[in-house]
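Participant: Below are the chains, spelled out letter by letter.
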Amino acid sequence: METIPILKVGDCLLISIQVDMHDRLAMSLQNHITEQVVKHHARGVMIDISALEMVDSFIGRVLGSIAAMTRVLGAETVVVGMRPAVAITLVELGLSLGTLRTALNVEVGMELLGSLIDASTGGAFRERQAD
Amino acid sequence: MNVKRTEELVLAQSEDIVRARQTVRAWMIREGFSLVDQTKMVTAASELARNAVDYGGGGVVLLEQLLEGARAGLRITFTDRGPGIPDLELAQTDGYSTGTGLGMGLGGSRRLVNEFTIASSPGQGTVVTITRWR
Amino acid sequence: MTTPSAGKWAKVLAEDKDAFLEHWLREQKAVISARPDLMVDSELRRESAEFLDLLLAAADEGAAADISAEPWAPSREYLAGISRSRAVQGFTPTETATFVFSLKQPAFALLQAKLKDEAVLLSEVWTFNVLVDKLGLYTTEIFLTSREDIIRRQQAEMLELSTPVVQLWEGILALPLIGTLDSERTQVIMEILLQSIVDRSSGVAIIDITGVPAVDTMVAQNLMKTVAAARLMGAQCIISGIRPQIAQTMVHLGVSFEGVVTTASLADALAHAFRLSNLHVSQAQSRS
Numbered sequence: 001m002e003t004i005p006i007l008k009v010g011d012c013l014l015i016s017i018q019v020d021m022h023d024r025l026a027m028s029l030q031n032h033i034t035e036q037v038v039k040h041h042a043r044g045v046m047i048d049i050s051a052l053e054m055v056d057s058f059i060g061r062v063l064g065s066i067a068a069m070t071r072v073l074g075a076e077t078v079v080v081g082m083r084p085a086v087a088i089t090l091v092e093l094g095l096s097l098g099t100l101r102t103a104l105n106v107e108v109g110m111e112l113l114g115s116l117i118d119a120s121t122g123g124a125f126r127e128r129q130a131d
Numbered sequence: 001m002n003v004k005r006t007e008e009l010v011l012a013q014s015e016d017i018v019r020a021r022q023t024v025r026a027w028m029i030r031e032g033f034s035l036v037d038q039t040k041m042v043t044a045a046s047e048l049a050r051n052a053v054d055y056g057g058g059g060v061v062l063l064e065q066l067l068e069g070a071r072a073g074l075r076i077t078f079t080d081r082g083p084g085i086p087d088l089e090l091a092q093t094d095g096y097s098t099g100t101g102l103g104m105g106l107g108g109s110r111r112l113v114n115e116f117t118i119a120s121s122p123g124q125g126t127v128v129t130i131t132r133w134r
Numbered sequence: 001m002t003t004p005s006a007g008k009w010a011k012v013l014a015e016d017k018d019a020f021l022e023h024w025l026r027e028q029k030a031v032i033s034a035r036p037d038l039m040v041d042s043e044l045r046r047e048s049a050e051f052l053d054l055l056l057a058a059a060d061e062g063a064a065a066d067i068s069a070e071p072w073a074p075s076r077e078y079l080a081g082i083s084r085s086r087a088v089q090g091f092t093p094t095e096t097a098t099f100v101f102s103l104k105q106p107a108f109a110l111l112q113a114k115l116k117d118e119a120v121l122l123s124e125v126w127t128f129n130v131l132v133d134k135l136g137l138y139t140t141e142i143f144l145t146s147r148e149d150i151i152r153r154q155q156a157e158m159l160e161l162s163t164p165v166v167q168l169w170e171g172i173l174a175l176p177l178i179g180t181l182d183s184e185r186t187q188v189i190m191e192i193l194l195q196s197i198v199d200r201s202s203g204v205a206i207i208d209i210t211g212v213p214a215v216d217t218m219v220a221q222n223l224m225k226t227v228a229a230a231r232l233m234g235a236q237c238i239i240s241g242i243r244p245q246i247a248q249t250m251v252h253l254g255v256s257f258e259g260v261v262t263t264a265s266l267a268d269a270l271a272h273a274f275r276l277s278n279l280h281v282s283q284a285q286s287r288s
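Chains as they are written, first to last, in this note's numbering: chain A, 1 to 131; chain B, 1 to 134; chain C, 1 to 288.
Everything labelled a hint here was simulated from the structure, so no lab data went into it.
C-beta atoms are modelled at their ideal positions from N, C-alpha and C, and glycine is treated no differently.
A portion of the hints provided could be inaccurate.
What the hints assert, rightly or not - Examples of chain B residues lying across from chain C (beta carbon under 10 Å, computed): (1) Asn2; (2) Ser34; (3) Arg71.
Please take these sequences and the hints and turn them into a complete structure.
Facilitator: Structure (structure tokens):
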């Protein structure tokens, strides 16, 4: 069965979703990410969804769950690159994903993740970057 | 109103939901719908296909290309042979759900399309029809 | 009227097709001759000949005058195509409907010359008359819907023109809105603003409603949706230009912009946007 690759960069996990996920694949991604967060003691998770042409309530809910679960495990999650048409549709659908952290693109997402990690660790991310 | 073209897909497992949305996307592109319209219809189709697979025990989805005067549209009908929905009004309220979803399926889909009809009775299954005009 | 005699007129027309076509073209040109700018002779001849073939083919199948029936589908589609293209070219409804209605004169003349039995003649003329009337009305209907389409498209183009997204600073966009916000316009505005946010990777967008005369529940809801969609994409919106009068009606109506940063003026919004972007504006040291 196909899986979505998870890259480890420093303290962070990077996931770029490039395929139209069926429900089981989305669930397995959720399991996979939480396992990897624990295994690598990750502080941040970035999920790039710029390739996704559609996010329905199921995928939206999975993204929300991933963020909530990683937060419990001590890692902040940022979802980046949501397309305008996808965002409009999600709002119309009634899914506002209020607690989900978002950013325009990977670059901005990385900055946001850095400041979130700093805020929760007292500057660990910046120290690392300076090394 | 003329039906110019039809296509039928079987909904049995979660991969079929993906196939349904890809087919709907292809139809919407061919019919010249805007990107936002495409996305809304594909999302609504995904929600309803999932309902049919997860709660209706599988079913079929029928796509129809419509022509009414000078306006063109796409109509999609989801039919399942599941347990049916006893209280339709309640089922379309946001937040209502029998399964594990957030309960955005029916009420949310209604907001994404131009026309929405649903017929269901306990033991008879459910038929949902959505239409989007260009 | 269910007898195959419904097709007798067609046989008469088919026997003298070429002469009939010429007569028909003359009738059409009597009306459209004033518009050589819009229609080339050869094109009119081609369209007329093609439609005549479809018409006779449909009648050949013994179809009665129910033009919504299947045998008439090719004729209908051909007429719809002609109607649409003429609506775009700027023909009047009369000129467009003439294409069909001008069939009557030559057909009556021909039927009168060929059918000796008066009862048959009357019945055939009547059948043909009813058919042409239906086709004519259909043509006009398509013509009108095509015109409506054109108007709708022009409205959409105007909507886009009336939505200027300007960049105030790197990463800060502003959208000054002027005029009434109906839900269709808000939809277009939403799409344009969100696309601009991606195109110029702007983290902050200011929606200025100084020029919007009234904010009711619907408008507020639409603005809130825009803000929510922008947030999902990772951008923050500020709504500025809320006049005292509008603030008052909003509170009376129970409309709220909960969870959204709102400011009275565009200047306040820009100051807030600078703060969000970690930018500081300060007075330069005087040289003197």
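Participant: The structure should be examined with respect to each hint, and the outcome stated for every one.
Facilitator: To see whether the hints hold, each was checked on the structure:
Given the 10 Å rule on beta carbons, the hint for Asn2 of chain B holds: about 8 Å separates it from the nearest Cβ of chain C. With 10 Å as the threshold, the beta carbon of Ser34 of chain B comes within range of chain C, its nearest partner Cβ sitting at about 8 Å, so the hint holds. The interface hint given for Arg71 of chain B holds, since its Cβ lies 7 Å from the closest Cβ of chain C, which is under the 10 Å cut-off.
Violated hints: none; the structure is consistent with every hint.
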